[in-house]
Amino acid sequence: MTTLMSEAPEIREQDLVPQRPWSKRPTSFWLAALLGTAVPLSFAGVLYFTTEIAAPLLLIVVYLPLQLVSAGVAGYVAKGKHGILDSGLIVFAIGSTILSAVILGSMLATIIARGFEALRPSFIFQNSVYISPSTPLDYGGVGHAIVGTFLIVGIATIISVPLGIASAVYVTEIRGRAVPYVRFFVQAMSGVPSVVAGLFVLTVFILTGVMRQSALAGAIAYAILMLPTVARTAEEVLRLVPEDLRTGALALGSTRSRVVFNVVLPAARTGVITAMLLGVARVVGETAPLLLTALKNDQTVVNPFSDPISALPTFIFDNVAQPYPDAVTRAWGAALVLMVIVAVLFTLTRLLSGRNSMNK
Amino acid sequence: MAAETPLRDLSNSKKANRADRAFSRVITGAAFTSLIILAGITIFLGAKAVPVIQDQGLSFLTTTVWDTIGVPPEYGIAGMLYGSILLAVIALVIAVPVSIFLAVFMVFIAPTRVSKFLTNLVDLMAAIPSVIIGLWAFYVLVPPAQEWQSLLNQYLGWIPIFANESGNFTGTPFIAGVVLAIMMIPIVTSVTSEVLKRTPPELINAAESLGCSMWTMLRYVALPFGRGGIVGGVMLGLGRALGETIAVFFVLKIVFDINFFNIIESGGGSVATLIVSKFGETSGDFEVDVLLAAGFFLFLMTLVVNMLANLIVRRTERLKS
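Chains as they are written, first to last, in my numbering: chain W, 1380 to 1739; chain F, 4 to 324.
Everything hinted at is true.
Straight-line alpha carbon distances no greater than 25 Å define the calculated DSS-like cross-link-like pairs of lysine-lysine that follow:
hint, chain 1, residue 1, chain 2, residue 2
1, F, K256, W, K1675
2, W, K1675, F, K281
3, F, K256, F, K281
4, F, K119, F, K200
What the hints contain is simulated information worked out from the structure, not anything from laboratory work.
Please work from the sequences and hints to get the whole structure.
Next up, the structure:
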């Protein structure tokens, strides 16, 4: 009896209801799509190499209409009248996808290609004291800016992560009367432009003389931008903690703070780390607040209270529009370093959230 | 959520109760940080805006001159406010169709693996810092964009918005709008694809079995179902476009006269960029105050857009549940 049971094919509900009914396409569809693309593409290609017509003109005036017509014909042959609109939809959808991919690819390719021209050990480890925009690339680097970025982001994390988690804990654990308002204000805060965060710190702390333009001032501005990201992500992950864990802990006589610190937060550990990393990724490239609150400095600064300080974004900003090619190459090099940091954060959040969802 | 009621504390110990109450209070206090900061921004920047408004009256919002040290000083941000909105509109016109088509491709057309890859691609695009986008735009996008604009002018110059008399195609609102569109596409796309993914499969199956084509299914099922979410996502992107500073700084030439609609003529405005570009060269404390006042109006503008976006998103979410 048991063997019979195990041999019988298991029928799950997802097999009965097609999950993506629209994704089943016959081979003829892909054949038509291939043919419908190859013909106008080769025609435009021939025109591009034989005539003098400018490429963007060729793309929009010749290729796109031809592509639409040929896809329309292919759609008509495959599906009849309805196929014509569908084919137009598919042409624009694929076109938009290619456009976005080309933009991202172009960004990454230029950052890597131009960034490597500047990259060498001295570029990573030295600061920019005595370096003018025309100094050759063998001298000076972004060491001070890397230190600055880590210092500012580190302080901002220390400020904003506890506050963000507290606000998430309020929404998911305390569940007081103000929950809708707290959520609303966190949402509204996520729309604060970065330059306004900088202006706020400028008026409250710097113009009043409480502190100088320094890493701490920059970190407060960063923390304002980080807080909503951390709070919203943390709220989402705390929601995923099963209710049974909470009631179980309470039934054993735990206090509410014990439930939060010993049960809920440990259970959502990876999610909370993800929230922190997303917050860091949100601010690590912000430039405008630092221009107002941290200014710049060619020396390596480790004291967060005393001196103006450079970070990678402000270093890039200072070097972009310089008329000296070496300064511009430095900007690309700093962009590469910044992009590597962003990519590491991006990959870490992906890995962590992937593991998170596997546990469930 | 199963239990929306406050979890009751079942512990009897008095000491534990007191500690717990303190814990609740601390957490509740911390939860209001965002309110405190929003109020702080309004109060402190608003206080700085008051003397400026007293000095210039409402003409602060309608003047197109920038002379803070003249006698009497005369200045206003009309060109900047209008410029910010113009840039946002250009960005919307480009980014919204591209994002919606991209989201449709990800959700309904692409094979699952391609769709996952595209989701990562869009998220990565959203993660690129704006200063790097500005750097890329300045050196990679602007040279060909000048050529596109001169072509536009050559063939469509008789339409007023594509007129250009100076022959100078750098620093135009069009380029700045394209850069903002590039920054909006990942935001709008990820919201739209999330919304489209939530279309109930029963509805799609029903449409398919009635013989709807994909276009008809989108037009009458998926898009109406996700309309609120898509509008909300577009407005979130709009809020970002209005507040964007650095990327615009590199590609737009700031001029104080209002550039009404000549989008491929050099010169435009943006409140956020004005603040950063003037801050480095301020002539005294008074000009800083004026910039703070400009920041106050920028804050109000983005706050309203963002709140509207959230209300729309939330209302549609409530209607569905």
